[in-house]
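**Student:** These are the residues of each chain, in order.
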Amino acid sequence: MVVRAVGKALPHDSAHLHVAGTAAYTDDLPEPRDLLHLAVGMSSVAHGRVRRVDLAGVRESDGVVDVMAASDIPGENNYGSIVKDDPVFAEELVQYVGQPLFAVAATTVDAARRAARRARIEVDELEAILDPLTAVERQSFVLPSETIVRGDPDAALENAARRVQRRVFVGGQDQFYLEGQIAMALPQEDGGMLVYSSTQHPDEVQRIVAHATNRDAKDIVVICRRMGGAFGGKESQAALIGVVAALAADKTGRPCKLRLDRDDDMIMTGKRHDFVIDYDVGFDETGLIRGIAFEFASRCGMSADLSGPVNDRAMFHCDNAYFLENVRIVSHRCKTHTVSNTAFRGFGGPQGMFAIEHVIDDIARTLGKDACEIRRRNFYGKDDRNVTHYHQVVEDNILDELFDRLQASSDYEGRRAAIREFNASSRVLKKGIAISPVKFGISFTSTLLNQAGALVHVYRDGTVQLNHGGTEMGQGLYIKVAQVVADEFGIGVDRVRTTAADTSKVPNASATAASSGSDMNGRAAQKAAARIRKRLTAYAARQYGVSEAEINFRDGKVYIADRIIEFADLAQAAWAERISLSATGYYRTPRIHYDRETFSGRPFFYFAYGAAVTEVVVDLLTGEHRVLRVDILHDCGDSLNPAVDLGQVEGGYVQGVGWLTSEELWWNDKGELGTHAPSTYKIPTCSDLAPDFRAELVRDMANREKTIYRSKAVGEPPLMLALSAFHAIRDALASDRNPLPDLRAPATPENILRALAGANHE
Amino acid sequence: MSSARIRFVLNGEIVETAVDDPTRTVLQFLREDLRLTGTKEGCAEGDCGACTVVVVEPGSDGDVELKAINACIQFLPTLDGKELITVEGLSGGSGELHPVQRAMVDEHGSQCGFCTPGFVMSLFALYRHNDKPTRRDIDDALAGNLCRCTGYRPIIAAAQSMHTRRDDWDTAAHARLLNEVARDDDLAIEHQGRRFFAPGGIEAFAALCSRYPDATILAGGTDIGLWVTKQHRSLDTIIYAGRVAQMLEIETSGTHLEIGGAVPLARAIPAIVEQYPGLDEMFRRFASPPIRNAGTLGGNIANGSPIGDSMPALMVVGATLVLQKGADEREIALDEFYHDYQVNDLSPGEFVARIRVPLRESDAIVASQKWSKRFDQDISAVCTAYRLELSGEMVRDFRMACGGLAATIRRAAHCENVINGSSWNEDTIDAACEALARDFSPITDMRASADMRLVAVQNLLRRFFLETTGEAPETVYSYGR
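Respectively, the protein sequence lines represent chains A and B. Under our numbering, think of the first position of the first sequence as 275, with each following residue one higher. Under our numbering, think of the first position of the second sequence as 382, with each following residue one higher.
Careful: at least some of the hints might be erroneous.
Pairs of lysine-lysine residues, derived as DSS-like cross-links and limited to a Cα-Cα distance of at most 30 Å, are as follows [unchecked claim]:
#	chain 1	residue 1	chain 2	residue 2
1	A	Lys980	A	Lys831
2	A	Lys358	A	Lys779
3	B	Lys448	B	Lys611
4	A	Lys831	A	Lys779
5	A	Lys525	B	Lys611
6	B	Lys448	A	Lys944
A partial selection of chain A residues facing chain B, derived with a Cβ cut-off under 10 Å [said to hold, decoys possible]:
#	residue
7	Thr296
8	Asp384
9	Gly454
10	Arg769
11	Arg771
12	Ile866
What the simulated footprint calls covered on chain B by chain A, stretch by stretch (three residues with Cβ under 8 Å from a Cβ of chain A suffice, anywhere in the stretch; the number is not a length) [unchecked claim]:
#	stretch
13	491-500
14	757-764
15	826-836
The set of hints was computed from the structure by calculation and includes no laboratory data. The beta-carbon is built from N, C-alpha and C at its ideal position, and this holds for glycine as well.
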């Protein structure tokens, strides 16, 4: 029997360390001698000209060793990766409350934080733009607005039998990784700098640190063994933390660590974009969309950061699962004097999908039909109606099959009828149910980022060290790739150790983002391992005088015609014959191409699909709700590790429900964020998980593309299954008097009461 | 006798250490001084649970009591005489995982792993307390732990399967160690002008409060901890109430529950809910187990936040406070205690010695509601409490108190006036709702806007009415449970 690692529900590679408290995060690493701790001084004004920065009080504070501001930066004062509009330390202009102005290095964390509060900053305040609608009014944008048009939306809208026009709002979201942003920089000999960084993108930290400290990439090493969660929040934002630590280490000549306090982290670093969405949809009596126009205004904050690709992805995903024959999408990337928003699981996709799912729900409610029927009516076709608005043919559509299965397994129709009955006799509590699909494009839309490298070493004892450009943030990437490598050699996964992401081992790696981690790094690692196996095979064939076809690696052994030897013995023998047991592997995603100018091409290698049914109960008096039952069917192709993938599906769903229900970002009229700690910013807790929660992976639908073992990416897509929860709440609120509840996301008790009150005021 | 060193048990070993900074947190001590880095900092305000550890204290009859607490806001000297168990202390000597840890691995209960040690410790406390936890028990036990990765399903599964293995817990061994570190004198730490006192008796406590009228009186530290971790305040003199025997007692006199000023919420709440079952859901939603294990009812009251959750209920049932200064005691009704935002009736050197909660009278309906963005561990945007006595259709006595609507927790006088002596029906409630708009002019903040706070309190009153008529028997949280 062949024991394979791929496809097995193995625990996370660090699970036994997590539970024992022995998994080391950046702050857990042994502290070097002479370590200094850093704190960052921030702007308390949303927009203004800096008149004076008086740091005397900071310098005099107990334990302070050094202070640094913009003028102390030897190189480039920027950590913006695409557009250079993100100063590490603001100099003349401050553009959000929380923007870093200086850093202080002290002998303890506490001393540094106390000292940072003693700065005197004088600012001449300028008018601040604090919301996207005002930004649109003032034409305040971080990047030019973009438009995609397909067909003739104006004529289609004009000619449509029915039409709905609305404005809807969807809030932002803080990543709320449990481990806050952190980096520790250690000066090395001859101008080198070693940075331990909690980052999804070590390569970018390396680049930004090099530019800021006037070094070359060769001088900088960035290492990340694991993050305590990231969710996109450590894609571009980690560079700020890393560069501040490195600048301080450079200036003081001592190791420096910057660990942000939770409140500072939430105030200083970017989040998911909130969107204001205007739509105008024309449809026929069957609910078929004839024409649609979207206008998006997103809060990008004070700089571009990743807002370009985030908003592009929102434009790509505002079709979700539906064929939009005549469509216009206008996207405004609004500049506001708030923190620059950034990547967060889904990366604009969730907001685009929120828009179209709202449209579908409104069409159904306008026609008095079940939204499930309208969804199916508008699904992409298989042979026709299968071209997206960016001209990619949807080749792998499984939406109808998923809906067939899920509607049956969840008893959607039966429960919908029971809910109608319940609601008829319940005055205060009302139930609602909704089913929603997910179709999510897999690949970085910037084609050049779709490349990955790996490095594999086989040692003479037959054990393996694996390194790749991917980072581990809890998603289980390391175990999945280790499973792939174990199977290349036919050895147990316990003989493979994955070492920390390290810019000195695999260079120029893309961010671990866009759900691409296992697709790309799995393939790269497989190739590296296969090269070594090929050398071993060739050697064994020569040595034993058999053909290569007669050699097999499995169960920790090598089968050489009728001989069986231990894998370790073959490794030892090959070494003795001076055969290299180390190899790199490199992968570039095939078949993708895309023209940013025309928004057309094949930006995505394939699509990942899923569907969810959520049932809720809502209290019409308090506006509180609870999710009662969830049924999920999600497509991971042939899963590399069903336990890890199921974890992504379940966790993604719950995180999405948080985004759409309890997680509210609130700024006051001075642009100060009021929700900057878990006391005020409410992510789901244990009791929020539905008492009846059934998530399943689709087990019989391999990826039709040649991905690693025909698996599919799973990091982001499940988050958007949570749209079913939002629409279940709307379903509970809707009534004859209030057929299209004006419910803003997040559906907090307050927003639910507002949606109900809106009807009362009619 | 005073001593500048504290002694406690840490993972089975007795630790004796000097305390230079009395406000050094247990988390800082673990991570920075001992390099025990298994316990994590996620928020430094007792809200995320990544720092959860278990404290063991002597119980009655040779038993011991285990409590999960937040190490991030607990001051180190409060550990004196206790045992602390961290995640490092759970696995056996051979490194074998504890059943709780094993279950978390088997059920795939960790992803990024950063919250995991905290969950493990909360689950360990549950493991020792309850060998057949229901889903609701699990929810309640984990209300103070946030996980951002898993969505909780596998963690719940771990809680349900952890008892398939037994651990080697030995109560007597822990009791013996606790006995070894027990302190029979008063703890007094003075270092570079900073003082920390932990007296064992109320006379000594009162004398210290009189001697240092500007001192910070520390009970559970679930608020004062944040003064240090978030506001970086220097507290020069701290007088700890957590060892004062008389303030740790709950007694029942003929007419009242007498709850000592330092009784943790975890003990005070069941005693109150036993008298007033209508307060059950409110108190379930009150903070989290680690906060309730450390935080005290007296602290909640004395701190006097306008969004404190215990006070509306205590006001409507007619609770009084016994305030002590030196040897003198006086009693004041809770609804006369607050003067303005964080201004109360306490004079310098005076403290809340005990809370007197009237015992239930059979025909009164008592209820309390909380309105917040999340069920568990949230701060109220609005909090209400009611006490209703009916005589047939007529209201004999109605009291309503609210939090989150004004600078202090207070009674809704206009609303009460409308209802008192009227028929208990929807017309009266309509009129009472209008009166509520005269009672309160709430503000807008991150928890809710002014206009919706008012709508909410009116709806909450309507809801209470429908609960009494049986038309809205369940909340969304109790539905189907």
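**Student:** Check the structure against each numbered hint from earlier and tell me which ones fail, lowest number first.
**Tutor:** 6, 10, 11 and 12
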